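Trainee: In terms of the numbering used here, the sequence shown is residues 5 to 212.
Among the clues, some could well be false.
[Claimed, not checked] In the EDC-like style, the derived pairs of lysine to aspartate or glutamate whose C-alpha atoms are separated by at most 20 Å in a straight line are: (1) K155 x D31; (2) K155 x E56; (3) K116 x E176; (4) K111 x E176; (5) K111 x D71; (6) K187 x D113; (7) K106 x D31; (8) K57 x D89; (9) K111 x D53; (10) K198 x E166; (11) K155 x E105; (12) K111 x D29; (13) K106 x D29; (14) K171 x D89; (15) K155 x D203; (16) K155 x D113; (17) K171 x D71; (18) K151 x E128; (19) K116 x E166.
Derived by calculation from the structure, the hints in this document are not laboratory data.
From a predicted model like this one, the values you see are computed outputs, not experimental measurements.
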Amino acid sequence: TIVDRPSAVQTNITITAPVVLTPGDMDNFPVSVMNQILGGGVTGWLFQDLREKHGYTYGAYSSISNDPIVGSFSASAAVRTAVTDSALMRFIYELNRIRNEKVAEIKLDSVKNQLSGNFALSLERPSQIAQFALNLARYNMPADYYKNYLKSIAAVTPDDIERAAQKYITPEQVNIVLVGNAKEFAPYLSPFGKVRYVDIYGNPVAAP
Numbered sequence: 005t006i007v008d009r010p011s012a013v014q015t016n017i018t019i020t021a022p023v024v025l026t027p028g029d030m031d032n033f034p035v036s037v038m039n040q041i042l043g044g045g046v047t048g049w050l051f052q053d054l055r056e057k058h059g060y061t062y063g064a065y066s067s068i069s070n071d072p073i074v075g076s077f078s079a080s081a082a083v084r085t086a087v088t089d090s091a092l093m094r095f096i097y098e099l100n101r102i103r104n105e106k107v108a109e110i111k112l113d114s115v116k117n118q119l120s121g122n123f124a125l126s127l128e129r130p131s132q133i134a135q136f137a138l139n140l141a142r143y144n145m146p147a148d149y150y151k152n153y154l155k156s157i158a159a160v161t162p163d164d165i166e167r168a169a170q171k172y173i174t175p176e177q178v179n180i181v182l183v184g185n186a187k188e189f190a191p192y193l194s195p196f197g198k199v200r201y202v203d204i205y206g207n208p209v210a211a212p
């Protein structure tokens, strides 16, 4: 899907897909670790590929959110217009990579330590503790979900990462939204499937 902005000097890329991941689901632990590896920060594969290796963007990230009805996966970056199609190729490459490449133990341990440290720091904020209690009640989560958080993160294995990625990362089913100067990049998008144009409100419009 393209939102044409002829004056834009960058293309904002957003890749999304619905996921079935509810609060309290034990898959949240391997999913959190998997997403941190893929695109949770400057050490993530997306950042390292699109920013550090190719210089397409200042940053590329991903997130996965749970929800009682339907959760969501999202990956995004703002790239130079001229490299829109190339950046998309790298996104798809990394989505497939996290599904098919076994994560190294040293990388896994580093990410688990980071997530555990972030969780421990969050316990210093009374507002966060209150939010955890609210989550337990609102979503009928296991009573020991947060009590066992550190153990659950520590228990995640490379096989768990692969299983979570295979289940929740679906490159062939994602929705791709591009906001930018369509005339500069649209001719190169045929490898990514059917292209449609919408205005800023999501209404279908003709190609520019």
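Trainee: Determine for every hint whether it applies to the structure shown.
Mentor: Here is how each hint holds up against the structure:
1. Distance restraint check for K155 and D31: the Cα-Cα separation of roughly 14 Å lies within the 20 Å cut-off, and the hinted pair is therefore satisfied.
2. With a C-alpha separation of about 33 Å, the suggested pair K155 and E56 falls outside the 20 Å cut-off, and the hint is violated.
3. Taking the CA atoms of K116 and E176, the gap is near 28 Å; set against the 20 Å cutoff, the hint is violated.
4. The suggested pairing of K111 with E176 is violated, with an alpha-carbon distance near 26 Å, which exceeds 20 Å.
5. Among the hinted pairs, K111 with D71 is inconsistent with the structure: their alpha-carbon atoms are about 28 Å apart, more than 20 Å.
6. Straight-line distance between C-alpha atoms of K187 and D113 comes to about 45 Å, which puts the hinted pair past the 20 Å bound.
7. As the CA atoms of K106 and D31 are separated by approximately 18 Å, the hinted pair is consistent with the 20 Å bound.
8. In summary, the hint linking K57 to D89 is supported, as the alpha carbons are separated by about 16 Å, within the 20 Å threshold.
9. For the hint pairing K111 with D53, the CA-to-CA distance comes to about 16 Å; that is within 20 Å, so the pair holds.
10. A distance of roughly 29 Å separates the Cα atoms of K198 and E166; the hinted pair therefore is violated under the 20 Å criterion.
11. A threshold of 20 Å between alpha carbons decides the hint, and for K155 with E105 the separation of about 25 Å lies outside it, so the pair is violated.
12. Our distance criterion of 20 Å between C-alpha atoms is broken by K111 and D29, whose separation comes to about 24 Å.
13. Taking the CA atoms of K106 and D29, the gap is about 23 Å. The hint is violated against a cut of 20 Å.
14. Our distance criterion of 20 Å between C-alpha atoms is broken by K171 and D89, whose separation comes to about 26 Å.
15. The hinted pair formed by K155 and D203 fails the criterion: a straight-line CA distance of about 47 Å is larger than 20 Å.
16. In summary, the hint linking K155 to D113 is supported, as the alpha carbons are separated by about 13 Å, within the 20 Å threshold.
17. Using a Cα cut-off of 20 Å, the hinted pair K171 and D71 holds, with the two alpha carbons roughly 16 Å apart.
18. Taken as a hint, the K151 and E128 pair is honoured in the structure, with Cα atoms around 15 Å apart against an allowance of 20 Å.
19. At roughly 15 Å between alpha-carbon atoms, K116 and E166 fall within 20 Å of each other, so this suggested pair holds.
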